[in-house]
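S.K.: Same order as they appear, the protein sequences are chains W and E. Going by this note's numbering, the letters in the first sequence line up with residues 1 to 361, in that order. Going by this note's numbering, the letters in the second sequence line up with residues 1 to 327, in that order.
Simulated from the structure, these hints should not be mistaken for lab results. Take the hints with a grain of salt, since some may be wrong.
Now the stretches of chain W that chain E is said to cover, found in silico as 3 or more residues with beta-carbon under 8 angstroms [claimed, not checked]:
| id | segment |
| --- | --- |
| 1 | 3-15 |
| 2 | 44-52 |
Derived coverage of chain E by chain W (criterion: at least 3 residues anywhere in the stretch with Cβ under 8 angstroms from a Cβ of chain W; other residues may be distant) [said to hold, decoys possible]:
| id | segment |
| --- | --- |
| 3 | 77-87 |
| 4 | 269-283 |
| 5 | 309-323 |
A quick note: this is a predicted structure, and the numbers were derived from the prediction, not measured. From the three backbone atoms N, C-alpha and C, an ideal C-beta is built for every residue, glycine too.
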Amino acid sequence: MALENLKVDRIVLHEVFRRLYNGDIAPPTLSGQPAPLQAEAMDAFKERVVEAMGNSSQSMEMDIAVSTADSGVEIAASVLAKTTDAAFSTESQRYPTKLAGVQIAKNLPGGVVIVFTGTVGSPAQPFVGVIKAETQTGFRRQVTSGGAIGAQFINDLFLTPAAKLYKIGLFIREGKADAPLPDAWRAHIYDNQMTLGNREGAARYFYEAFLGCRFPVNSAAQTKAFFDYTRDFITELNVPPEKKNDLLTSLYTYLKVDQAPTIQVNAFSTSYLPEGARDDYRDFMKQKKVPLTAIQKDLAQIGSSLRLRKVNFPNSIRLQAPPEVFKDKIKIETVPQKDAKPGQPGAWTIITVKDRISDQE
Amino acid sequence: MTEDEFLQRWAQERPMYEAWGRFVTRRIIEQIRPAVAPLSTDLFIRIPIQPRVKSDGSFVAKAFYRSKPYKNPFDDVTDKVGLRVVVLLPSDIATVGSAIEKCPDWEYSKDRDYEEERDAKPFVFGYQSDHYIVRCSQDRDEGGVTVKVGTPCEVQVRTILQHAHSELTHDTIYKPSVMQTPSMERAAAKSMALLEATGDYFEKLAEEIKHAVGPNKTLAEEFDELYRTEVGAAPDTTKANGFLLEAYAPVLAGGGTSALSAFLAENAFVKEKVKDRARSRILFRQPAILLVYMAVSRKPHDAASRWPFTPSDAKPIYTDLGEVMPD
Chain W
1 MALENLKVDR IVLHEVFRRL YNGDIAPPTL SGQPAPLQAE AMDAFKERVV EAMGNSSQSM
61 EMDIAVSTAD SGVEIAASVL AKTTDAAFST ESQRYPTKLA GVQIAKNLPG GVVIVFTGTV
121 GSPAQPFVGV IKAETQTGFR RQVTSGGAIG AQFINDLFLT PAAKLYKIGL FIREGKADAP
181 LPDAWRAHIY DNQMTLGNRE GAARYFYEAF LGCRFPVNSA AQTKAFFDYT RDFITELNVP
241 PEKKNDLLTS LYTYLKVDQA PTIQVNAFST SYLPEGARDD YRDFMKQKKV PLTAIQKDLA
301 QIGSSLRLRK VNFPNSIRLQ APPEVFKDKI KIETVPQKDA KPGQPGAWTI ITVKDRISDQ
361 E
Chain E
1 MTEDEFLQRW AQERPMYEAW GRFVTRRIIE QIRPAVAPLS TDLFIRIPIQ PRVKSDGSFV
61 AKAFYRSKPY KNPFDDVTDK VGLRVVVLLP SDIATVGSAI EKCPDWEYSK DRDYEEERDA
121 KPFVFGYQSD HYIVRCSQDR DEGGVTVKVG TPCEVQVRTI LQHAHSELTH DTIYKPSVMQ
181 TPSMERAAAK SMALLEATGD YFEKLAEEIK HAVGPNKTLA EEFDELYRTE VGAAPDTTKA
241 NGFLLEAYAP VLAGGGTSAL SAFLAENAFV KEKVKDRARS RILFRQPAIL LVYMAVSRKP
301 HDAASRWPFT PSDAKPIYTD LGEVMPD
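Construct the entire structure; sequences and hints are all you get.
M.R.: Shown next as C-alpha cells:
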C-alpha cells in the first residue's frame with residue numbers, strides 16, 4: 001500500500017515492559033496527553049512509517065479476524081471517535097494495556113508504544129496507527145568545554161532507521177464511521193519478523209493476539225497472480241533470449257527455492273530485474289492489481305507449474321528440467337545465423353547440459 | 001537667488017527628492033520583474049540600484065559655475081536625485097527602457113540616447129549611456145513625505161561594460177576638474193571601441209546560449225507560471241531549478257507541461273505539500289520540484305537515479321507520495 005499524503009494529527013507515547021520473572025504483567029506506563037512533534041521530527045516520524053509500510057517486503061495488508069470489544073479495530077474506532085486531546089490520549093491507553101496483557105512470553109522485550117491518528121491517501125481517509133518500538137543503545141557526540149569531542153552513552157533511543165526494532169499496525173477507515181465493524185476498515189501490518197521462517201513464533205502475538213488480524217485468505221490466488229504476471233512481464237521484456245532465460249530461472253528460484261515466507265514485487269525486482277525495467281515492472285503489476293506489499297507465499301495453486309521449467313522450440317522440441325537445476329546445470333546460448341536462407345531460422349540455440357546422458361527412450 | 005538661499009531651499013526639499021528616488025527605484029524593479037521572469041530582478045540588475053541625491057557642493061557648482069548658464073538653476077538641474085540601472089547586455093537596455101516608458105506613475109523624457117548619439121557621430125567612441133528624466137505625475141505620499149508633481153529624477157541605463165568605462169573616465173575627462181590630454185582621450189576612445197566590440201560578442205554569445213538552452217528556458221517559464229498558479233506562491237528560482245529541470249525534463253518526453261498539470265489535478269495534495277515545505281526549504285520553492293513529484297510518483301527508481309543532489313534531500317518527496325526511495 002502506498003501511504004501517499006500521510007498527515008499525522010495526534011501522537012501519544014506510552015511504554016510497556018517485559019514480563020516479570022514470575023510471568024506477571026509489569027504495569028505499563030500510560031500517558032494522559034499528546035506529545036506533539038516539531039516539523040523536522042514529524043518529517044522523520046512520517047518517513048519511518050512510510051519506509052516501513054510503503055511497498056516494503058515486510059508489510060502486508062491483513063484480514064481483520066476479530067472485531068469484538070477490545071479488539072484492535074474496535075479500539076481504533078473508539079480512539080478515532082475522540083475529539084479532544086485528553087479523551088484521545090486516555091482512550092489510546094487501551095493499546096498498551098492490551099499489549100501488556102497479550103505479550104505472554106517472558107522473552108518478549110518491552111518498548112515504547114506510539115499511538116497516532118491522522119489521514120492518508122487522496123481523498124484523505126482517517127486512520128489509527130500503533131507502533132511498538134524497542135529501545136536501543138547508542139552514542140551521542142559531545143563537545144567538551146575544552147573543544148575535545150567526547151561520547152555520551154544513550155540507552156533509550158527508539159525509532160532509529162534500524163527498522164527491525166519496531167512493528168506497526170495501521171487501521172484505515174475507508175467507509176462510514178457508523179458501519180458495523182470491521183466493514184469500513186482495512187488493516188496493514190509491518191513487522192520485520194514476518195519474513196523470517198518462524199512466522200508462527202516471534203511476530204504472531206503482535207498482529208494476531210494484539211491487533212486481531214490474520215494472513216489474507218486469498219494468498220494462494222495472489223501468489224499465482226504474482227507468478228503469472230511476472231512471467232508475462234519477463235516474456236515480453238526486450239532483452240536477449242539468454243537474459244530472458246536467466247530471469248525466468250530466477251522467478252522459479254524466487255518462488256520455489258527461496259525460503260522466505262513472503263514474496264513482494266519490489267524485493268523481486270531489486271534482486272533480479274535490470275534497473276531500467278524496475279519501474280515498468282512495478283507499473284505492470286500495479287495495473288494487474290497485484291499487491292505491491294508483501295504476499296504470503298502460498299504455492300497451492302501453482303505447485304505444478306513450478307515443478308518443471310520448460311523451454312519450447314518449433315517442431316515439438318522441448319527442454320524441461322526442475323527449476324532448481326536450471327540455474328546451475330543448463331546453459332542456453334543464442335547464435336545468429338548470418339547465412340540463413342529465407343525460411344530458415346535466423347538464430348540457432350546451443351544448449352549445454354553440464355552432465356552426461358543418463359537414460360534415453 | 002544667492003548661494004545661501006539656494007542651499008536653504010535644497011536642505012528643505014532634499015527629503016522629497018530622497019523619497020522620490022526610493023519610489024522610482026522600487027517601481028522600476030517592479031516594472032522589470034514580469035519582463036525578465038523567471039529570472040529574478042536581483043540577477044538581471046547587475047549592481048543593486050542606489051538612488052543618490054546631489055551633495056551641496058556639486059549641486060551649487062553645477063548650478064552656478066558652468067559654461068552653460070541655467071535660467072532657473074534650481075529647477076533646471078534635473079539630476080538632483082539620480083539612479084543607475086546596470087545590466088549585462090546591450091539588448092537588456094531596451095527591456096529596462098520599455099519598463100521605464102510604460103510606468104504610469106511618471107512622465108518621462110529621454111535626454112540621452114546612446115544609440116542615436118552613435119549614429120550621429122559614428123567615428124566617436126565616447127561615453128555611452130541612456131539617460132531618462134522621470135517626473136512625478138501627481139502629488140504622492142512616499143513614506144510620509146509628499147512628493148510634488150513634476151519632481152524629477154535622472155535614471156541612467158547602461159551595460160556593465162559601459163559602466164566600467166564610465167567609472168574610469170566620466171569624472172575625469174568629461175568634467176573640467178582634470179585637464180585632459182590627447183593621449184588620455186585616445187586611450188579612453190580605444191577602450192570604448194574595444195568594449196563596444198566586446199558588447200557585440202557578448203550579445204552573440206548570449207544568443208547562442210539562449211538557442212542551446214532554448215527548450216529548457218521556455219519550459220522554465222512554463223514551470224514558473226505553473227508554480228505560481230498551482231502552489232499559489234511566488235517561486236524563488238535559483239540554479240537548483242536548472243539542475244532539476246535538466247535532470248527531469250526528459251520525463252516529459254518533449255510533451256510540455258500538460259502532463260504535469262494533469263498529475264497535479266489528480267493529486268491535489270501535492271501542491272499543499274509543496275507549499276508547506278516551501279516555507280522552510282528553498283528546494284521546494286523551485287518550480288521544477290513539481291516535476292520531481294510527478295517523476296517520483298510514476299517511476300520511483302528512475303526518479304531516484306536522476307536526483308542531482310544529496311539523496312536524503314529527496315526523501316521528503318518520496319514520503320509525501322508514500323513511496324520508499326530506492327537506495
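S.K.: What hints, given by number in increasing order, does this structure fail?
M.R.: Violated hint (a single one): 3; every other hint is consistent with the structure.
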